[in-house]
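Enquirer: Protein sequence lines, in the order shown, are assigned to chains A and B.
Each residue of the first sequence is one higher than the last, beginning at 103 in the numbering used here.
Each residue of the second sequence is one higher than the last, beginning at 5 in the numbering used here.
Please keep in mind that the hints were generated in silico from the structure rather than gathered at the bench.
Just to be clear, a hint being listed does not mean it is correct.
[Stated by the list, open to error] Calculated lysine to aspartate or glutamate pairs in the DMTMM-like style (CA-CA distance at most 25 angstroms, straight line): (1) A/K173 to A/E202; (2) B/K44 to A/E207; (3) A/K121 to A/D187; (4) A/K143 to B/D6; (5) B/K45 to A/D132; (6) A/K173 to B/E98; (7) B/K7 to A/E126; (8) A/K142 to B/E43; (9) A/K138 to B/E43; (10) B/K41 to A/E184; (11) B/K45 to A/D140; (12) B/K72 to B/D21; (13) B/K7 to B/E59; (14) A/K169 to A/E184.
[As the list claims (entries may be wrong)] Examples of chain B residues lying across from chain A (beta carbon under 7 angstroms, computed): (15) G20; (16) K45; (17) A46; (18) P47; (19) F49; (20) M52; (21) K102; (22) F105; (23) A107.
[Claimed, not checked] Not the full set, but computed from the structure, chain B residues with beta-carbon under 8 angstroms of chain A: (24) R35; (25) L65; (26) I68; (27) S88; (28) V90; (29) L92; (30) R96; (31) G108.
C-beta atoms are modelled at their ideal positions from N, C-alpha and C, and glycine is treated no differently.
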Amino acid sequence: DTAVSQTPKYLVTQMGNDKSIKCEQNLGHDTMYWYKQDSKKFLKIMFSYNNKELIINETVPNRFSPKSPDKAHLNLHINSLELGDSAVYFCASSQGVFGELFFGEGSRLTVL
Amino acid sequence: EDKVVQSPLSLVVHEGDTVTLNCSYEVTNFRSLLWYKQEKKAPTFLFMLTSSGIEKKSGRLSSILDKKELFSILNITATQTGDSAVYLCAVRGEYGNKLVFGAGTILRVKS
């Protein structure tokens, strides 16, 4: 039983397209996150939701829009994809805002 | 801005060796420091150290936190090839749910 699952795992697309990544957690956690890991392996936070409410919104282009339909799901939609968006996007969840994060396996996005 | 610096960036050891990975940080109103292991995919949680828990141990892995000098170390004794991974250090500061990661240390254990 996968605790934090993301789909798709791999995504190859052209510049200018719009794409979405979905995330679901079955841990009963109330806080979810999107992190971006670039080619240098830096994990950088993008967004965080607590009980479906956006609580962290880092300096991310507004082409990126997260949506949390319920506590167990957090999706990421990206408009007008650019080359620099190529990265691995990790979803994570935690119980409360101070708990340890549990990560999904990542979605590798390649923009051509 | 919160900052985490890990060293070394990478190292190669032989099975059975002991390794020490370093993590120094600057953070406003420190809350906790976490260690993760990342093999091919998802980072997996190892330890969380806070003001009330500055030393943790699990099997061959142990970690300590020095809040005065603002650093933590992760020790791995009797290394095995399965320990090969990227080890990530992260800190939580004033905004508790914002975990700031270091660049990681790439560990390769040769048989």
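Enquirer: All hints are to be evaluated individually against the structure, with a verdict given for each.
Expert: Right, here's what the structure says about each hint:
For the proposed pair A/K173 and A/E202, the alpha carbon gap of about 17 angstroms is at most 25 angstroms, so the pair holds. Using a Cα cut-off of 25 angstroms, the hinted pair B/K44 and A/E207 holds, with the two alpha carbons roughly 9 angstroms apart. Under the criterion of a C-alpha separation no larger than 25 angstroms, the hint pairing A/K121 with A/D187 is consistent with the structure, at around 11 angstroms. Between the alpha carbons of A/K143 and B/D6 the distance comes to roughly 18 angstroms, so the proposed pair stays at or under 25 angstroms and holds.
For the given pair, B/K45 sits about 23 angstroms from A/D132 by alpha-carbon distance, which is consistent with the 25 angstroms threshold. With a C-alpha separation of about 24 angstroms, the suggested pairing of A/K173 with B/E98 holds against the 25 angstroms cut-off. At roughly 30 angstroms between alpha-carbon atoms, B/K7 and A/E126 are farther apart than 25 angstroms, so this suggested pair is violated. For the hint linking A/K142 to B/E43, the alpha-carbon distance of about 15 angstroms falls within 25 angstroms, and the restraint holds.
Our distance criterion of 25 angstroms between C-alpha atoms is met by A/K138 and B/E43, whose separation comes to about 17 angstroms. The suggested pairing of B/K41 with A/E184 is violated, with an alpha-carbon distance near 30 angstroms, which exceeds 25 angstroms. For the hint linking B/K45 to A/D140, the alpha-carbon distance of about 13 angstroms falls within 25 angstroms, and the restraint holds. At roughly 29 angstroms between alpha-carbon atoms, B/K72 and B/D21 are farther apart than 25 angstroms, so this suggested pair is violated.
For a cut-off of 25 angstroms, the pair hint linking B/K7 to B/E59 stands: about 22 angstroms separates their Cα positions. Between A/K169 and A/E184 the CA atoms are separated by roughly 21 angstroms; this keeps the pair inside 25 angstroms, and the hint holds. The closest approach between the C-beta of B/G20 and any C-beta of chain A is roughly 27 angstroms, which is over the 7 angstroms cut-off, so the hint fails. Interface hint at B/K45: satisfied, since its Cβ lies 4 angstroms from the closest Cβ of chain A, which is below the 7 angstroms cut-off.
Because the closest C-beta pair between B/A46 and chain A is about 4 angstroms apart, less than 7 angstroms, the hint holds. Checking B/P47 against chain A: minimum C-beta separation of about 5 angstroms stays under 7 angstroms; hint holds. Using the Cβ-Cβ criterion of 7 angstroms, the hint placing B/F49 at the interface with chain A is satisfied: the shortest such distance is roughly 5 angstroms. Interface restraint check for B/M52: the shortest CB-CB distance to chain A comes to about 5 angstroms, inside 7 angstroms, so the restraint holds.
The interface hint given for B/K102 holds, since its Cβ lies 6 angstroms from the closest Cβ of chain A, which is under the 7 angstroms cut-off. Taking 7 angstroms as the C-beta cut-off, the interface hint given for B/F105 holds, the closest approach to chain A being about 4 angstroms. At its closest, the beta carbon of B/A107 sits 6 angstroms from a beta carbon of chain A; the interface hint therefore holds under the 7 angstroms criterion. With a least beta-carbon distance of about 7 angstroms to chain A, the hint placing B/R35 at the interface is held under the 8 angstroms criterion.
Taking 8 angstroms as the C-beta cut-off, the interface hint given for B/L65 is violated, the closest approach to chain A being about 15 angstroms. Evaluation of the B/I68 hint against chain A yields a violated restraint, the C-beta minimum of about 18 angstroms exceeding 8 angstroms. At a threshold of 8 angstroms, the smallest CB-CB gap from B/S88 to chain A is about 15 angstroms, leaving the interface hint violated. The beta carbon of B/V90 comes within 6 angstroms of a beta carbon in chain A, closer than 8 angstroms, and the hint placing it at the interface holds.
Checking B/L92 against chain A: minimum C-beta separation of about 7 angstroms stays under 8 angstroms; hint holds. A distance limit of 8 angstroms between C-beta atoms decides the matter here; for B/R96 the minimum to chain A is near 7 angstroms, and the interface restraint holds. Restraint check, B/G108 versus chain A: the minimum CB separation of about 5 angstroms is within 8 angstroms; hint holds.
In summary, the numbered hints that this structure violates are 7, 10, 12, 15, 25, 26, 27.
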